[in-house]
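Quick note, the sequences are listed as chains Y and G, same order. 2 is the number of the first residue of the first sequence in the numbering used here; add one for each residue after it. 2 is the number of the first residue of the second sequence in the numbering used here; add one for each residue after it.
Just so you know, these hints were derived from the structure itself, not from any lab. Where a beta carbon is used, it is the ideal one built from N, C-alpha and C, also for glycine. Worth double-checking, as some hints may not be accurate.
If the Cβ cut is set under 10 angstroms, some of the chain G residues that face chain Y in the computed set are [claimed, not checked]:
#1 S124
#2 E176
#3 T177
#4 T182
#5 W184
#6 K208
#7 S469
#8 N504
#9 W509
#10 G514
#11 G714
#12 E716
#13 N717
#14 R780
#15 S795
2 protein chains.
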Amino acid sequence: MVPDTVNTEILARIDAWWRAANYLSIGQIYLLDNPLLREPLTKEHIKPRLLGHWGTTPGLNFVYAHLNRVITERSQSTLYIAGPGHGGPGMVANAWLDGTYSEIYSPITRDEKGMKRLFRQFSFPGGIPSHVAPETPGSIHEGGELGYALSHAYGAAFDNPDLLVAAVVGDGEAETGPLATSWHSNKFLDPLQDGVVLPILHLNGYKIANPTVLARIPEEELLDLMRGYGHHPYLVSGGFDGEDPLLVHERMASTLDTVLDEIADIRRTAEAQRDAGEDVTRPRWPMIILRTPKGWTCPAEIDGLPVENTWRAHQVPLANARDTEEHTRILEDWLQSYRPDELFDGDGRLLDDIASLAPSSELRMSATPHANGGVLRRDLELPNFRDYAVDVPSPGATTAEATTVLGIWLADVIRDNPDNFRIFGPDETASNRLAPSVYEHTGKQWSAEILPIDQNLVRAGRVMEVLSEHQCQGWLEGYLLTGRHGLFNCYEAFIHIVDSMVNQHAKWLKTAGDIPWRRSIPSLNYLLSSHVWRQDHNGFSHQDPGFIDHVVNKKADVVRVYLPPDANTLLSTYDHVLRSVDYVNVVVAGKQPQANWLSMDEAIAHCSRGLGIWDWAGTEKPGTEPDVVLACAGDVPTLETLAAASVLRKNLPDLKVRVINVVDLMRLQAESEHPHGLSDREFDALFTVDKPVVFAYHGYPWLIHRLSYKRNGHENIHVRGYKEEGTTTTPFDMVMLNDLDRYRLVIDVIDRVPGLGTRAAGLRQRMQDARIVARQYTRDHGEDIPEVATWQWSAEGSAGVSQEDAQERVEETGS
Amino acid sequence: MVPDTVNTEILARIDAWWRAANYLSIGQIYLLDNPLLREPLTKEHIKPRLLGHWGTTPGLNFVYAHLNRVITERSQSTLYIAGPGHGGPGMVANAWLDGTYSEIYSPITRDEKGMKRLFRQFSFPGGIPSHVAPETPGSIHEGGELGYALSHAYGAAFDNPDLLVAAVVGDGEAETGPLATSWHSNKFLDPLQDGVVLPILHLNGYKIANPTVLARIPEEELLDLMRGYGHHPYLVSGGFDGEDPLLVHERMASTLDTVLDEIADIRRTAEAQRDAGEDVTRPRWPMIILRTPKGWTCPAEIDGLPVENTWRAHQVPLANARDTEEHTRILEDWLQSYRPDELFDGDGRLLDDIASLAPSSELRMSATPHANGGVLRRDLELPNFRDYAVDVPSPGATTAEATTVLGIWLADVIRDNPDNFRIFGPDETASNRLAPSVYEHTGKQWSAEILPIDQNLVRAGRVMEVLSEHQCQGWLEGYLLTGRHGLFNCYEAFIHIVDSMVNQHAKWLKTAGDIPWRRSIPSLNYLLSSHVWRQDHNGFSHQDPGFIDHVVNKKADVVRVYLPPDANTLLSTYDHVLRSVDYVNVVVAGKQPQANWLSMDEAIAHCSRGLGIWDWAGTEKPGTEPDVVLACAGDVPTLETLAAASVLRKNLPDLKVRVINVVDLMRLQAESEHPHGLSDREFDALFTVDKPVVFAYHGYPWLIHRLSYKRNGHENIHVRGYKEEGTTTTPFDMVMLNDLDRYRLVIDVIDRVPGLGTRAAGLRQRMQDARIVARQYTRDHGEDIPEVATWQWSAEGSAGVSQEDAQERVEETGS
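Based on the provided sequences and hints, a complete structural model is requested.
So, in structure tokens, the structure goes:
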């Protein structure tokens, strides 16, 4: 089926396609009009602002043209990842050549008129962006922020056994950290269950203003590096010093055949191993190093300076094409060098012979449904989370590790969705206590060596663990963008490592939401555990709740933040987020044993509202307004708030306290700012317009102010949260360090409710004493004072420290 | 000088040191009392909460012991970087053994009493954190967030030609992106100007709950990888299956000698090349792969499960040491296995013979001044920035590219500080327009191949460019922490890539500030350009001003944010930040040609105040309050605000407009929140307590609310800023997309100032029309409407669009 050698006729066709794509790319960057050079080029035909990137484009087009051939010959479903995504005009050009562009964007017809529109819209106000973007057919990868081409490629390949992902990696991008480690993704790919990633390292030698590192090390060193990454490298080099491109086409075509044959062999070997009941050992997947000149085929020199094969070809090589007649001529000659008359007919249509290089229908890389993952999305089969509820006969009566409980449900999510759901984590799935449960029906996918001592490592599994948050995020993004589901569990502090990646994904979601042909994809779901308040082992470096702040800067249409206070609310929340599409859902939940507050029915009702009054915790009288509102969001703040409410209940029984718990943080925002925002009327009814609100919040306090600053009563909201004080210490010492502890909350109430009298003054003093005592006890004993460590909610109220104890201890410590 | 073979006596001494360090490490993790096991161990001697990490510690101690020998023998100044910094007890143990710890912390004496305190304080409330941290002598590297060991090491080595940096890289850490690319740092090190980095890849095989990738690939593949990274790898493996550690000591000692000899050879070769006037070619630096069991020397099994050489040894292998008699015995036996009686004398002092392994004085790795960089810090010689001022005869009369102007000054900063100042950037120094000026007296340091076509590449230079923000940040941190100065210039959007790193550095600065023996180090300075408003080439992926929001979450003592509106204010700001210590300074400035507003004298006064009224721009009458305040921060918002002020001046001449520009964002915060915060009295005098304030801000608008929410008049502050709308478009279209444009600001004023009458209503309509016209013009022509593109400040005021034009054009477009 596959020809031994690629014949001259086919090579000529590949070359013609390549020239056409290059021509169209340059046209997009430069031309407003006269797209086929029917008349001499004048400055009126040239765009006033020349924006875009030429340098990487001929390489992207070269690979695209060659892939077209092998896709057709082998009927190989293929997804193209353009790592150097700033080569946007190239991907658009190819999509226009193979017809997809006109199918999707009907005004951009496959003729001269459409070509003119194609050119004009590029990087033009109201048109399309300069990079590969959601607007680009066939793309799941914006190449603006570099580094994620391979992780996206592997994410797309997981559970798509018939898919080939051709991932072009720029040699600039290759210098980034995320890309450098993502080569190791090949230790996490199963040749039977998953598709294949073919990395093509595009060594064109230059970045914006510098050579690239990998282009300036000896070839043998580069080959060692690729071998060290576990690949079998093939080198295709050419196009330098005016070498005839046909010779390079021949080498590329032949290499591509060899490589695809080798991939086929690898898969056959794996099948044979499986059939023989043997271990499917890690293959040495091939990869290609493609060394061609930067800006290949552009003018060798402009104004006496070398351009082709230098950094000067990176963006717009002829930045002043409009300014002098000489430059306009250079541009015209450059465009003519592709011989457009031999490529397009009188109407501006691509000649049939050239067009025949394109695969048909969905085999066209620009039309693959994998690049519009929503088309392939199947909703998850979710086991009824109510069946996994912990028993909560009354608030605080039982305890659970919330993430452990979630893990039991997730195990069954995995069982029921064996091919389109994965859990990603940076070696923290066990630490976050989703494991061991989640391994009940699966294991951690691992293609490297497995020893007898290992646990839960399997060749094909649903849990992906590698100590790289970038890899976890990139893989998951690739998986979601191709229509599958997943979650990323991570220590809360270190999710900041992917701040910039989630930025870019949120931007993708925002833009994709406005593109009619893009279908909804599963949400990007985070489970942040081992959070700021419980980093007993690790201390300050592991204490940072700021990811929430980062995420809420993104468009309100896209972001959701949940802080379930216990196990049942976490179950309900996660069922919700796994059903959702097109969001970034941030869920923060603890892994330590903690009191359960709500039964499952209560949890569902509470999560549906997103926030609500916990009547049982407060001391309101029906029909009257409370004197003070204690609000809380997050599991530890909820515990401290309830303890404070308990102290108030016992010691100031006449004080009318309302307790509000917030699960869905976005409920605090104004309706006008966020789709989840409460109406002002609802907000006022809950928080009052004039009573003091003491708000205990999981993260940096100002976020609550930011979310609520448009509310009527917001001047009265006093927020306690993390104020960047931390170290290796006990849980209660941590909340005291940050003034989020129960005693401090009671003091806050006393300081804010007027007219409480001497009894309150005495309580205030006792609370201050209790803080001193608790701190001293911790310093002396290395653990939390028993009154706090063993404190339990009681409907009668309790102080967590008795008056007598406190006084005695204060005297003892002499503080 | 260097012995051919290391004799048995020395090996025994190394082993004894290692045993002592291991003993002390375990003591820190487990013991409250009975530090020398003078009596049988009981549960009362054991800490109630066992926190810390054992797994990596014996490896760290092993390397430390061996380095001690070669440092002494070669008088080699050495800095130790513990990549697996969670092995904190190891580094503390070694510092105690060599005496530094007791010199710095006098209560922790070098005897039994001190040992008991040493043990107790570790991971204990009020004590020291569990990781290598600022509290740890000899450290510049917190190992909590993994991935930066090598970049810190190289940063420390730059411009320290006599320094050896021994960088232990954990095999878990090696999976992170930043670490994976940081191996390539060896293409940026000059063997003459810089010190040497000796990477020691510590392959102990396991992470928290998984094997490591690099431990599970064939040895030849790993060696290929290291060769591909440009290293000459040496493998030292041992300690498995109960192998006598002395055999491993012998191999390590011998390898270390070989490696250090090879390094000496490399440097001699480089000197010879230099002396012969030849190019100093890139050497193939040696590195060591140290393969030893995780948790080496801990119990092989506990409760029937393998522990040594498994992931179970990662944290506290015997987590229940206190709970059963059997476990207590296991702990005692484990401790006794190091034969403490042969290590410490009756008073608990390390025996002299063993102690003699330590180098003397500052050669001790725990005492090296390089790890307390403030000791070595020399203030920069800063050329008088006033001499670099651009001429500003009147506001807006001249234009400049602010960063270009800064670059001219920085060139001379480089000239005058040839060995302690560097500029770092991810291939953006030219794009950000600091270049070409900054290359006047230097070049970009580059040890890989240099071709004749290259520009400004040199073997030893002051500018470091690699396409990895992680590398830039890590190198700079290492450079600063060892007492030198620098700045990081970056596209604004992509500085988010290092969010998490700046978190950690800010935490380091906060903690170090409270440690008496730590001296102040130069500030971490950012120059963020190619900012959100001017990403004409790249579009949405490159548009994100959120780094400021991220940074202001850190401690107010540490962070500073500056938004100089023009060239002279940027010069003044940068002179200030380069003189500062212990801060994270974020400076955002444009690179495009833009009007200059202030002469240098005015700029200095304005920057000193941090914000102020621009009288010349407003229409206040002396002695009366304004009707409205137009505030602005950032270069583009300043331009739009001045244009709006100009429109108002011309069209509503009776309206009293005050214009305030803010350079130092932290001035907006309350005095109680930030040291730069204005007093309420000052704030009220500037912003009024009851007049509308229309605030045009560079970034996400809510930050202004967050900073000012405690202010009296804050209810009246209306903020315009970036609301996450972007694409590849013109500069003015970008501000219109985000409602930050001059016309919108005028409308905002009209909507907020009561009683302006019909003339204002007419103006409002014209402004709305002007927006429609401007947008349509841009869609039609691909560039900004000339009225805006060529607009200049005039004291008489101008609309930027005439009434007639607008009406005509609206009619034309039919909008």
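These are the hints, each one checked on the structure:
{"no.": "1", "hint": "S124", "result": "holds (5 angstroms)"}
{"no.": "2", "hint": "E176", "result": "holds (4 angstroms)"}
{"no.": "3", "hint": "T177", "result": "holds (5 angstroms)"}
{"no.": "4", "hint": "T182", "result": "holds (4 angstroms)"}
{"no.": "5", "hint": "W184", "result": "holds (8 angstroms)"}
{"no.": "6", "hint": "K208", "result": "holds (4 angstroms)"}
{"no.": "7", "hint": "S469", "result": "holds (5 angstroms)"}
{"no.": "8", "hint": "N504", "result": "holds (6 angstroms)"}
{"no.": "9", "hint": "W509", "result": "holds (9 angstroms)"}
{"no.": "10", "hint": "G514", "result": "violated (13 angstroms)"}
{"no.": "11", "hint": "G714", "result": "violated (13 angstroms)"}
{"no.": "12", "hint": "E716", "result": "holds (9 angstroms)"}
{"no.": "13", "hint": "N717", "result": "violated (13 angstroms)"}
{"no.": "14", "hint": "R780", "result": "holds (4 angstroms)"}
{"no.": "15", "hint": "S795", "result": "violated (26 angstroms)"}
Checked against the numbered hints listed earlier, the structure breaks hints 10, 11, 13, 15; every other hint is satisfied.
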